[in-house]
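Undergrad: As a plain string of letters, each chain reads:
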Amino acid sequence: MGAIRIQLEDFDPGVEIAALTQGRTDVGAVASFVGIVRGDDALEAMTLEAYESFALREITAHVAEAKLRWPLLDVSVIHRAGRLTPGARIVFVGVASMHRGDSFRAAEFLMDYLKTRAPFWKLEEKSSGANWVEPRGTDDEAAQRWK
Amino acid sequence: MGAIRIQLEDFDPGVEIAALTQGRTDVGAVASFVGIVRGDDALEAMTLEAYESFALREITAHVAEAKLRWPLLDVSVIHRAGRLTPGARIVFVGVASMHRGDSFRAAEFLMDYLKTRAPFWKLEEKSSGANWVEPRGTDDEAAQRWK
Amino acid sequence: MKLLYFAWVRQKIGRSEEDIPLPANISTVGALMDMLVKRGPEYAAAFNDVSRLRTAVNQIHGGFDATITDSDEIAFFPPVTGG
Amino acid sequence: MKLLYFAWVRQKIGRSEEDIPLPANISTVGALMDMLVKRGPEYAAAFNDVSRLRTAVNQIHGGFDATITDSDEIAFFPPVTGG
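Those sequence lines, one after another, are chains A, B, C and D. Just so we're aligned: the first sequence equals residues 1 to 147 in the working numbering. Just so we're aligned: the second sequence equals residues 1 to 147 in the working numbering. Just so we're aligned: the third sequence equals residues 1 to 83 in the working numbering. Just so we're aligned: the fourth sequence equals residues 1 to 83 in the working numbering.
Treat the hints as calculated values from the structure; they're not laboratory data. These numbers were taken from a predicted model, which means no experiment stands behind them. It is possible that some hints are incorrect.
Unchecked claim - Below, a sample of chain B positions facing chain D; criterion: calculated Cβ distance under 10 Å:
1) G35
2) L43
3) A50
4) A55
5) E58
6) W70
7) G87
8) V91
9) R117
10) A118
11) K126
12) W132
13) P135
Just so it is clear, CB atoms sit at the ideal spot from N, CA and C, and this is done for glycine as well.
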């Protein structure tokens, strides 16, 4: 069974992928995505702050929309919060479907939402200090595709 | 480090995803795909036969092409051969990149190749008997997109 | 009513949430902000640049003219940057 | 030369590979097939419907007019169906 969770702890993508197909034989495709903290520009750490209840509600609504748009069998979205260092996993999206195209489309749709409009804020720590990340135009364009 | 393998044994998607980012902090995105045997139409088992040396050579060439098309950091392709029952994993593609769009594009490009033009043949076993699967038109269309 | 603050709004105000009663004469997010600004300079600093401020009432994005009641959850935060 | 057979081609011929010397008068895949058909009905059955047959020489797809030498790996198989 898929799950929607916001958590401080790390996750195991293999466990999450397996959970999407456990006990069923109608799944032909699982597309998944793992987002990771990049160590660009001497980034030392990134703290993710979530409006958790709002985020869970919006993620649930976007998963429901994805299930209306594509014939999906199950979906998982796991998003971490808290202080993460370069190389750490941030987010997991996994989509199970009969055919591969639907799972790829839906996984990218959910990631575009999560990376642009989900109620999270990022505090970047560098040797020069800590700064809240500002929204980026290219991410908005990615999310607009699905309108 | 990524890998290109054809094998009889099962694989662990979590281990393969982790291998793509091990020891580096420049990866921001890992898109991956797991293909699974569906139990449609009372399928009892599917035997995958590979022209292994040819398949490895063609997969390697397509990974190289993907790296030319998109700025990728690492790629893994693992394909099983042999007799598989419904629910069994068949294929894994994992693509590490800085940004999510590139990893999604490349993973789908590689899957479209693998599912349509890679030198594998499928023998389906049903209660009615065993039959070699014929090529499908919709899969060819998926592969044509990348021309 | 329950007030929630996130990111630099939270940092400037110095807390992540608080429960305060809604005064009878206040019925919009904007009027609530005017009231909070009078409570201290930390609110004035947080609400200084409204072009960079977003709000939600009961987890629904809205403008400063959104109406509020004493049972609402009202959140103030910068534009979201996603996960 | 090394001959490889896959899927129902392999099943009809009854083996997955064999090494045979290339006769001096044969220089194309098509001529090789004509020679093999004369070796027995299993080859005739496998090569019966050439519209459903594909070949590769040294792991490069080609037509029945592809030229071959004694050091080549020549494969016969149905249209690939992918993994």
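Undergrad: Does each hint fit the structure? Answer for all of them.
TA: Status of each hint after checking the structure:
1. Contact between G35/B and chain D, as hinted, is supported at the beta carbon level, the nearest pair being about 7 Å apart and thus within 10 Å.
2. Interface restraint check: L43/B against chain D, minimum CB-CB distance 14 Å, threshold 10 Å, status violated.
3. Interface restraint check: A50/B against chain D, minimum CB-CB distance 8 Å, threshold 10 Å, status holds.
4. The criterion of a C-beta within 10 Å of any C-beta in chain D is met by A55/B, whose closest approach is roughly 8 Å, and the hint holds.
5. With 10 Å as the threshold, the beta carbon of E58/B comes within range of chain D, its nearest partner Cβ sitting at about 8 Å, so the hint holds.
6. For W70/B, the shortest C-beta to C-beta distance to chain D is roughly 22 Å, which exceeds 10 Å, and the interface hint is violated.
7. Hint on G87/B is violated. Least Cβ distance to chain D is approximately 17 Å, over the 10 Å limit.
8. Restraint check, V91/B versus chain D: the minimum CB separation of about 5 Å is within 10 Å; hint holds.
9. With its C-beta approaching chain D no nearer than about 6 Å, R117/B sits inside the 10 Å limit, and its interface hint holds.
10. The closest approach between the C-beta of A118/B and any C-beta of chain D is roughly 5 Å, which is under the 10 Å cut-off, so the hint is satisfied.
11. The beta carbon of K126/B is not positioned within 10 Å of any beta carbon in chain D (closest approach about 16 Å), and the interface hint is therefore violated.
12. For W132/B, the suggested interface contact is upheld, since its CB lies about 5 Å from the closest CB of chain D, less than 10 Å.
13. For the restraint placing P135/B at the interface with chain D, the shortest Cβ-Cβ distance is roughly 5 Å, inside the 10 Å limit, so the hint holds.
Comparing the model with each numbered hint stated earlier shows that hints 2, 6, 7 and 11 do not hold.
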